[in-house]
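Participant: As a plain string of letters, each chain reads:
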Amino acid sequence: MIAELGHRALSVALVVAILQSTVPLWGASRDDTGLMAFARPAALVQFGAIALAFGALTHAYLVSDFSLLNVATNSHSTKPFIYKLAGVWANHEGSMLLWVLILALFGAAVAAFGGNLPDGLRARTLAVQGMIGVGFLAFMLFASNPFERLYPAPIDGNGLNPLLQDIGLALHPPMLYLGYVGFSTTFSFAVAALLEGRVDPAWARWVRPWALAAWTALTAGIALGSGWAYYELGWGGWWFWDPVENASFMPWLAGTALLHSAIVVEKRGALKSWTILLALIAFSFSLLGTFLVRSGVLSSVHAFAVDPERGLFILLLLAIAIGGSFLLFAWRAPSMEGGGMFRPVSREGALVLNNLLMSTAAATVLIGTLYPLALESVTGEKVSVGAPYFEATFVPLMIPTVLALGVGPMLAWKRGDLTGALSRLWVAALAAFGIGASVLYLRGAPIGAALGLGLAVWLAVSVVTEWTERVRLFRVSLGQSLSRALGLPRSAYGMSLAHLGLAVFILGAVGETFFSAEVVRFVRAGDEIAIAGRSVTFEGVTKRSGPNYEADVGTFVLPSGDRLESERRFYPAEGQRTTEAGIRSRPDGDLYAVLGEPAGEKRWTVRIYVKPLVMWLWAGCGIMVLGGLISLADRRLRVGAPGPRRASWQPAHAGVADSD
Amino acid sequence: MSRRPHRSRKNQRLALIVGGLAFLGIAAALVLTAFEDSVVFFFSPTDLAAKPIDPERRIRIGGLVEEGSVARGPGDGEIRFLVTDGTTTLPVRFVGVLPDLFREGQGVVAQGRLAGATFEADEVLAKHDETYMPPEVADALKKQGHWQPESAAKGKGS
Chain A
102 MIAELGHRAL SVALVVAILQ STVPLWGASR DDTGLMAFAR PAALVQFGAI ALAFGALTHA
162 YLVSDFSLLN VATNSHSTKP FIYKLAGVWA NHEGSMLLWV LILALFGAAV AAFGGNLPDG
222 LRARTLAVQG MIGVGFLAFM LFASNPFERL YPAPIDGNGL NPLLQDIGLA LHPPMLYLGY
282 VGFSTTFSFA VAALLEGRVD PAWARWVRPW ALAAWTALTA GIALGSGWAY YELGWGGWWF
342 WDPVENASFM PWLAGTALLH SAIVVEKRGA LKSWTILLAL IAFSFSLLGT FLVRSGVLSS
402 VHAFAVDPER GLFILLLLAI AIGGSFLLFA WRAPSMEGGG MFRPVSREGA LVLNNLLMST
462 AAATVLIGTL YPLALESVTG EKVSVGAPYF EATFVPLMIP TVLALGVGPM LAWKRGDLTG
522 ALSRLWVAAL AAFGIGASVL YLRGAPIGAA LGLGLAVWLA VSVVTEWTER VRLFRVSLGQ
582 SLSRALGLPR SAYGMSLAHL GLAVFILGAV GETFFSAEVV RFVRAGDEIA IAGRSVTFEG
642 VTKRSGPNYE ADVGTFVLPS GDRLESERRF YPAEGQRTTE AGIRSRPDGD LYAVLGEPAG
702 EKRWTVRIYV KPLVMWLWAG CGIMVLGGLI SLADRRLRVG APGPRRASWQ PAHAGVADSD
Chain B
664 MSRRPHRSRK NQRLALIVGG LAFLGIAAAL VLTAFEDSVV FFFSPTDLAA KPIDPERRIR
724 IGGLVEEGSV ARGPGDGEIR FLVTDGTTTL PVRFVGVLPD LFREGQGVVA QGRLAGATFE
784 ADEVLAKHDE TYMPPEVADA LKKQGHWQPE SAAKGKGS
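Chains as they are written, first to last, in the numbering used here: chain A, 102 to 761; chain B, 664 to 821.
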């Protein structure tokens, strides 16, 4: 009964979405306020209906209603509560439902907080948001119905891939989707602006918070996924340049570029059509990612089902959305007026450089991701493009990015003084050079490590230098500096933190990439394993029972006396094994132990890693996210009319509420 | 007075376009050189037997893990097994922890280099799901006429 209600609710949402995508547009073209006003309630109702459907599916999972095909295929009655809940989106249909839920959430958020948007822009934006909703709701109802019944209902379900039975499942997908799908809002704003034929600084001011919210959530989502892979897969890696990871990284790169170019539109009125194009590209990357992951063209833990019909449907949606918006762009963009002038060396110039680098990086990632698919469909030859390709293309582009990142914020708008900026950054340059040279010559580190650490130090010191100049530290009295520091806009702190986060991230990435150590041994209880100047004792294996698995638990004793446990679990319901690594995290690095297969004669395969500084990688992402949240809280970036309910919407907007 | 901004606006746009093209050129150069060295081709054991491969080149191989072929040692952490496509078998050596879903009789993909007659794997790729057969392996088996769809499509819990 509840399931049928959920299905009806989805149908209602589709009808509302169709109305939402047509009536306000018609109203906007006739300048009819009444028809335009239809957009806001429609967006709210659409969200309500999808939330109802989502609630119905969640209910089916929680009560283990195996008469639903989706639940029977992907759940099991013995599964712990949290994985029943998170299991809702651990399958194709459920994850698409989460996708449309978040899409409608952003539509509803624009409707709810867009009080001070001009009527026409709001109506058109919501109409475009409605169109995306029509496409994906139709996809759900016709090709991925989560409420399909199964008769007779089985006694129990097939269970959930044990790899996914982790707290990461509850956090990573919703956060990632908030980011991924969040770029639908900037897309809708961009298409609406093209329809209106007008882009002005006010438009950029309305768009920036949405870009920022999506970017912040996407950063958090990617970092959560990376952390999950690190501890769950037992290979000790944090980024594999896997096509699915790339699918989430491309919108991030485009979104980062968008965030920066929107600043130029807002402050100087320049780069309008480029910013519009970036908004279209960012969401196109999101759609491409959805296609790559959901169509089954790639095989990975994220591809739940291989169904050509579904792939074709998403490809069609992709073609309509990308093709349509780009055609509209080609038609309308040339008529847009250029904005303020600027010299190549200026704040604008630096932001343009950021954009060029980010877009080029996104292009290289795109080529590496799609090349194997293209080659196979043309010649039938099977190749894989792995980390070496991306290290040879993406990483070199990040070197000038980070160098320029230190200087950019020091340049003035319109016409900057490069020599002046560089001379004020002598401390950063000296520190970077000192660190780089000392790890190179004193520690004998590889040149890449010296370069990476030098860049991290350069960026971090530049950020601090820029801040001390803003508050005129040591030039005026401390009290005056303090009051200046308190008076700085939140977005300034947001920027500094995001840039500092990148420096911290680089520190972690360099530590892990260049200084990791690894040993694989067959050991008996009591054996000592030497790694990186330390000695770890293997204490042996015991048995343990979990709620829905049996485990062999290997215990390792560290030199400090701490114990680490690594489990080899067997899930009888699914008939699968997983490995839980034992990890001890410290600021100077992680010790990571994995219990492998038995190796005969009471011996076990074990693998130990030492991963220096690795925690800073995620700490850096966390600092970037914090920067995003603080920027969101900036008064000047308020989304619209204040409302007390705002805080309850979603974490990415929590900061917006407190500025009122 | 009115002409100058117009002209410099044009110049500015030109500078942006030239800058953009320069970056695209750099990107193209990076991509092409990277492809040269880092694209990894897939071979079945029969392919390898038919055509010698440069031992310096990283490749991927795949097939079924032959029943009863998995042996540990003699080196510490060393694992040896045979990969077959039904016609040809290829010995594989690997030092490391095998992925959780590595089984005898099941499909496997390994990445590494060919050293004489033995494939030195530095990575044995995990399948993420019990029912999943790497598409490369399915194709290689089909080519040798040993493909049984039901063995790939068999349900979970085996």
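Simulated from the structure, these hints should not be mistaken for lab results.
Treat the hints with care, as some may be off.
What the hints assert, rightly or not - For lysine to any residue, the following SDA-like pairs were computed, each having C-alpha atoms within a straight-line distance of at most 25 angstroms:
#, chain 1, residue 1, chain 2, residue 2
1, A, K644, A, S617
2, A, K483, B, A678
3, B, K714, B, E783
4, A, K368, B, K805
5, A, K703, B, K673
6, A, K515, A, V565
7, B, K805, A, S478
8, A, K644, A, A674
9, A, K368, B, E783
10, B, K673, A, V565
11, B, K714, A, A674
12, B, K806, A, T480
13, A, K644, A, L598
14, A, K483, B, K673
As the list claims (entries may be wrong) - What the simulated footprint calls covered on chain A by chain B, stretch by stretch (three residues with Cβ under 8 angstroms from a Cβ of chain B suffice, anywhere in the stretch; the number is not a length):
#, segment
15, 156-165
16, 575-586
17, 674-687
Glycine is no exception: its CB is placed at the ideal position from the N, C-alpha and C atoms.
Participant: So, for every hint listed, does it hold in this structure?
Facilitator: Hint check results:
no., hint, result
1, K644(A) x S617(A), "violated, 31 angstroms"
2, K483(A) x A678(B), "violated, 41 angstroms"
3, K714(B) x E783(B), "holds, 18 angstroms"
4, K368(A) x K805(B), "violated, 61 angstroms"
5, K703(A) x K673(B), "violated, 77 angstroms"
6, K515(A) x V565(A), "holds, 24 angstroms"
7, K805(B) x S478(A), "holds, 18 angstroms"
8, K644(A) x A674(A), "holds, 18 angstroms"
9, K368(A) x E783(B), "violated, 58 angstroms"
10, K673(B) x V565(A), "violated, 37 angstroms"
11, K714(B) x A674(A), "violated, 44 angstroms"
12, K806(B) x T480(A), "holds, 16 angstroms"
13, K644(A) x L598(A), "violated, 46 angstroms"
14, K483(A) x K673(B), "violated, 47 angstroms"
15, 156-165, "violated (count 0)"
16, 575-586, "violated (count 0)"
17, 674-687, "holds (count 7)"
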